[in-house]
Amino acid sequence: MSTGESLVEQAPEPPSKCPELETAITARHQDLLAGALALVNRRCAWMKLAARQERAESIVQEAVARAWERRDSFDRTRQPVAWLMGFVQKVALEQLKKTKQTKQVSQTDLGEEGWSKAMSGLMGPTVDGDEFELLRLARNRLTLEEQRVLTLAYEESLDGAELAARLGVAPGAARVKKCRALQSLREKYKELDGSGGQP
Amino acid sequence: MSKSQDYFISPGGRDDAMRYEQASLRYLDAYDRDDLDTMAQIWREAETDAKLEQVLCELNEGLLHENQMQSDDSASEKVIGILCRSLPSAFAESPTPTVADVAAAIVADRVTFGRLSAADRAANEKLLAVQAAVPAKLDGAAIVSLQRLLMVTASQQYWRAFQQTAVLINMSRAGAGRAAARQARPPRPRRDEKGTS
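Chains A and B are the protein sequences, given in the same order. Numbering of the first sequence is given in my numbering, commencing with residue 444 and proceeding in unit increments. Numbering of the second sequence is given in my numbering, commencing with residue -13 and proceeding in unit increments.
Don't take each hint at face value.
[Claimed, not checked] Straight-line C-alpha distance at most 27 angstroms; calculated BS3-like pairs for lysine-lysine:
#1 Lys112(B) <-> Lys64(B)
#2 Lys123(B) <-> Lys633(A)
#3 Lys123(B) <-> Lys533(A)
#4 Lys37(B) <-> Lys491(A)
#5 Lys112(B) <-> Lys123(B)
#6 Lys540(A) <-> Lys460(A)
#7 Lys491(A) <-> Lys460(A)
#8 Lys491(A) <-> Lys533(A)
No wet-lab data here; the hints were simulated from the structure.
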């Protein structure tokens, strides 16, 4: 053995730590699971609930493992849960078979900007007279529950915990209810727009 | 639709609210059409937006709740379907009247309509266009809630007439349904004068 050779083996470098990701993985596990389960419910509706939950858990475990392997590429200025959810989406895309049936989503001719204007009409009459009138007619065609949600959200300006309390559901469920009411409003608006505004 | 004052106090707040509304709708639309790529794109946007991340997490929770409700409804429907096949007479359907149905019935009832003031008649005219279903249970609290939802100003006399008319419509439809479901029974054998059948 030459004198130049070191007799002490170099200790392997410790794996890099990423406390933000560690915290997100442990503290926000339920959020990751909820995201995975929502996707499994969408694509595996035929499965029993217990099986779907097991599938979702499997997706999250795989996603977390992949994310941890690439933790050195995580930008610590970014939101860790959102970054992890990217892996959840990717694993779900690989593992879940695409469903044949998809819900038809009606698109208005308004486009993104036009629909923004229409939505702003719910907050205040910033749209022009014809669009506002169509919105009013469309709203009359909603169910009472949908109208109630829109009244609470846009006229009483309730959001988050307040809206959830009035509706008697969790904040997430309240947010989905509001979106569903807007989707219904959009569909009715499209029907009226196509029919020349005839009620 | 009336103006929402709070949104005009803080223009920045209103723009943010609009942005998250749009993102929520985009996310839900993508979910409905099974577009995981768009959903992943929105999550990438959330990497630099803590509020958006919170919104998306809430939406996922809400979707689980919605799925649970649909599963419960589906299970209930299966049970009702089995019962319908076994006991058809118990499930004669009667369509739920709409607000427009009740308003039209008020117009058709000359006595009731004749007693309404001009303002109440105008209010009734507006309700002829409302296709929403009337709540099954139409007690006083439900009427108050309905008034707020419909945003139509009318007198207490009008709303009492509305409530009574809705109840009558429900009763007549339920009665028609039961009559249709009632199985024809064979006539009882007649007894002769000596009391033998």
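For each hint, the structure was consulted:
A hinted pair counts as satisfied when its Cα atoms are at most 27 angstroms apart, and Lys112(B) with Lys64(B) does not qualify at roughly 39 angstroms. Between Lys123(B) and Lys633(A), the direct Cα distance comes to roughly 32 angstroms. Violation of the 27 angstroms bound is thereby established for this hinted pair. Straight-line distance between C-alpha atoms of Lys123(B) and Lys533(A) comes to about 48 angstroms, which puts the hinted pair past the 27 angstroms bound. For the hint linking Lys37(B) to Lys491(A), the alpha-carbon distance of about 33 angstroms lies beyond 27 angstroms, and the restraint is violated.
A C-alpha spacing of about 23 angstroms is found between Lys112(B) and Lys123(B), which places the hinted pair at or below 27 angstroms, so the restraint holds. Restraint check for Lys540(A) and Lys460(A): the C-alpha separation of about 35 angstroms exceeds 27 angstroms, so the hint is violated. For the given pair, Lys491(A) sits about 38 angstroms from Lys460(A) by alpha-carbon distance, which is inconsistent with the 27 angstroms threshold. A distance of roughly 23 angstroms separates the Cα atoms of Lys491(A) and Lys533(A); the hinted pair therefore holds under the 27 angstroms criterion.
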